[in-house]
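Take the given structure of chain C and dock chain R to it, following the hints.
If you want the building blocks of each chain, they are given just below.
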Amino acid sequence: MRVWTKILDEVGAIAAFSGMFFQQLFQRPFEGRELIRQMDETGSKSLFLVLVTGCSIGIVLSMQSRGTLARFGAEAVLPSMLALSVVKEIGPVITSLVLAGRLGAGIAAELGSMRVTEQIDALEVSALQPFKYLVVTRVLACVVMFPLLTIACDMVALFGGYAESLLSSHLDYRLFIDQAFSSLRLSDVLFSTGKTGVFGFLVAIIGCYSGYHVRGGTREVGQAAMRAVVIGSLLVLLADVMMVRLSLILFGS
Amino acid sequence: MTEIQPEIEIRNLHKAFGERKILQGVSVCVSRGSTLAVMGGSGTGKSVLLKHMVGLMAPDSGEVWVQGKRVDQLDRSSLNALRLRIGYLFQGGALFDSMTVEENLDFVLRRHSTRSHSERTEQIQEAIAWVNLPHAAAQYPAELSGGQKKRIALARAIILRPDILLCDEPTTGLDPVSVRTVSNLIMRLKAERGITTVAITHDLLCAEIIADQATFLYRGKALAEGTLDELRTGAHPQLREFFG
Chain C
1 MRVWTKILDE VGAIAAFSGM FFQQLFQRPF EGRELIRQMD ETGSKSLFLV
51 LVTGCSIGIV LSMQSRGTLA RFGAEAVLPS MLALSVVKEI GPVITSLVLA
101 GRLGAGIAAE LGSMRVTEQI DALEVSALQP FKYLVVTRVL ACVVMFPLLT
151 IACDMVALFG GYAESLLSSH LDYRLFIDQA FSSLRLSDVL FSTGKTGVFG
201 FLVAIIGCYS GYHVRGGTRE VGQAAMRAVV IGSLLVLLAD VMMVRLSLIL
251 FGS
Chain R
1 MTEIQPEIEI RNLHKAFGER KILQGVSVCV SRGSTLAVMG GSGTGKSVLL
51 KHMVGLMAPD SGEVWVQGKR VDQLDRSSLN ALRLRIGYLF QGGALFDSMT
101 VEENLDFVLR RHSTRSHSER TEQIQEAIAW VNLPHAAAQY PAELSGGQKK
151 RIALARAIIL RPDILLCDEP TTGLDPVSVR TVSNLIMRLK AERGITTVAI
201 THDLLCAEII ADQATFLYRG KALAEGTLDE LRTGAHPQLR EFFG
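Just so you know, the protein sequences line up as chains C and R, in that order. Position 241, counted from 1, in the first sequence is what our numbering calls 241; the numbers after and before it change by one each time, with no gaps. Position 76, counted from 1, in the second sequence is what our numbering calls 76; the numbers after and before it change by one each time, with no gaps.
The hints are simulated quantities; they were obtained by calculation from the structure and are not laboratory data. Yeah, the Cβ is synthetic: ideal placement off N, Cα and C, and Gly gets one too. Don't take each hint at face value.
Claimed, not checked - In silico negatives: residues of chain C with every beta carbon more than 10 angstroms from chain R:
1. Ile-7
2. Ala-16
3. Gly-43
4. Phe-48
5. Phe-72
6. Met-81
7. Ser-113
8. Met-114
9. Gln-119
10. Ser-126
11. Met-155
12. Tyr-162
13. Leu-167
14. Phe-191
15. Glu-220
16. Arg-245
To be verified - With a cut-off of at most 27 angstroms between alpha-carbon atoms, the simulated DSS-like pairs for lysine-lysine come out as follows:
17. C/Lys-6 x C/Lys-45
18. R/Lys-21 x R/Lys-69
19. R/Lys-190 x R/Lys-21
20. C/Lys-6 x R/Lys-21
21. R/Lys-51 x R/Lys-69
22. R/Lys-51 x C/Lys-132
Chain C on its own, in the form it takes in the complex (with noise of 0.2 angstroms):
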């Protein structure tokens, strides 16, 4: 009973923590300097992880496909195989999951220790705004660059996939172009992709709230960033469930 509780209160004060984002967003000061920056540490710093995860997908997926196909004599459908399930499933959830380790944790964690270093009391009695400006810029940040860097390892998985296809059965790029986006619909790429925003929103504000109510040192800073992770994690996978299921609903299979 003691431990619903606490997972209540902690789910309401997530909650509240949300409510003061939207409350927040669209007043003045609109730290659009801050904001940039974030985009920049998001965007450009994660964008080596993502590609290189993204290559890796794409490869493994078409090699372990291959045989499987081959034994129902499908191998022709490798390339619509590869481009349905890297955009409309793998790209965004596994981005999303590499995503939440880097920026969940470091959020957490920069949070965190400038909690504990008296940074954010610092701009607290400076009559700035640190949640507008710690908080506002990192989730929006966050709710923008998802979504890029998800098209990027998609792209990135699907080049992957047919440089495996070349090497192994010397495919023509134009055939694998062709039976790759002939079997997906603008639907498809842009609830998808779209949901990443969703999943950033949910990593970052986990990250924020999580480094931002820090009390004490140097260890609950670890914490935070853990249970970020963690957090954030579950809750991408949770959420895709979910998501999934509208596009069923919108959309059909």
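Same frame as chain C, now just chain R:
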């Protein structure tokens, strides 16, 4: 004859964190232009007391008055307006790690002044020259020594020319030379600008240099008040233990 209003007044302040009672009926009065040293051992509620003065904490009961305004009842915008009149020197400096010294000072300045970039740069140069670190502008906090960090933090605290300066352990962890340097800077502020100062310290050298009055906290209560000499010669065993 009109009564002179104190710059800071705290009346019967109580604060607890859960079961732990931190402040138990503390009252403090600081007149304009004077310096109060709040002394006492670790964990006696000194920092908590200071945080109430700038609205970083809300009292469980009691009243906090600064410049005639009741801090614990101010709305957000009034509290922010009051905070612009108060400089706060944090124990560890609390300089923003990701910014250079110049950016640290400019960050506060550009949001609260309409001055141009060149005017602000000039003001920042003046401030860091005032704390005797004229060449530190391009350095990051991590590149500064403990004493230098405190001096830059002091420059940031006074960049908006506040009426009140609150210092949380301004000399803790510093060598005696740095203690004198920082303490003398606080004294200069009082002499040159008439700033009212409340300094939390258990550093006797610092207290000797800066304090007009002192309050000794023990287990969340103000055990003694008076000049530093009066506290030093006080009969209470806790005072004797503290002052050696």
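query = Is it the case that C/Gln-119 keeps its Cβ farther than 10 angstroms from each residue Cβ in chain R?
reply = violated, 5 angstroms
key: Pair hint R/Lys-21 and R/Lys-69, alpha-carbon separation not exceeding 27 angstroms   = holds, 26 angstroms
task = Could you let me know if the closest chain R CB is still more than 10 angstroms away from the CB of C/Phe-48?
result = Label holds. Min Cβ-Cβ 21 angstroms, cutoff 10 angstroms.
request  = Hey, is C/Phe-191 genuinely clear of chain R, shortest beta carbon separation above 10 angstroms?
outcome  = Consistent with the label, C/Phe-191 stays out of reach of chain R, its closest Cβ about 36 angstroms off (over 10 angstroms).
ask   = Keeping to a limit of 27 angstroms between CA atoms, is the pair of R/Lys-190 and R/Lys-21 held or broken?
value = Status violated; Cα separation ~34 angstroms.
query = Straight-line Cα separation of R/Lys-51 and C/Lys-132 no greater than 27 angstroms?
reply = holds, 21 angstroms
query = Is it true that the CA of C/Lys-6 sits at most 27 angstroms from the CA of C/Lys-45?
reply = violated, 36 angstroms
Minimum Cβ-Cβ distance from C/Met-114 to chain R exceeds 10 angstroms = violated, 8 angstroms
ask   = Just checking, C/Leu-167 versus chain R, shortest CB gap more than 10 angstroms?
value = holds, 45 angstroms
key: Minimum Cβ-Cβ distance from C/Arg-245 to chain R exceeds 10 angstroms   = Label holds. Min Cβ-Cβ 41 angstroms, cutoff 10 angstroms.
ask   = Non-interface claim for C/Ser-126: all C-beta distances to chain R beyond 10 angstroms?
value = Violated, because the least Cβ-Cβ distance between C/Ser-126 and chain R comes to about 5 angstroms, which does not exceed 10 angstroms.
ask   = Per the stated criterion, does the least C-beta distance between C/Ile-7 and chain R lie above 10 angstroms, as a non-interface residue requires?
value = Per Cβ check, C/Ile-7 is outside 10 angstroms of chain R; nearest 20 angstroms; holds.
Hint violations for this structure: numbers 7, 8, 9, 10, 17, 19, all remaining hints satisfied.
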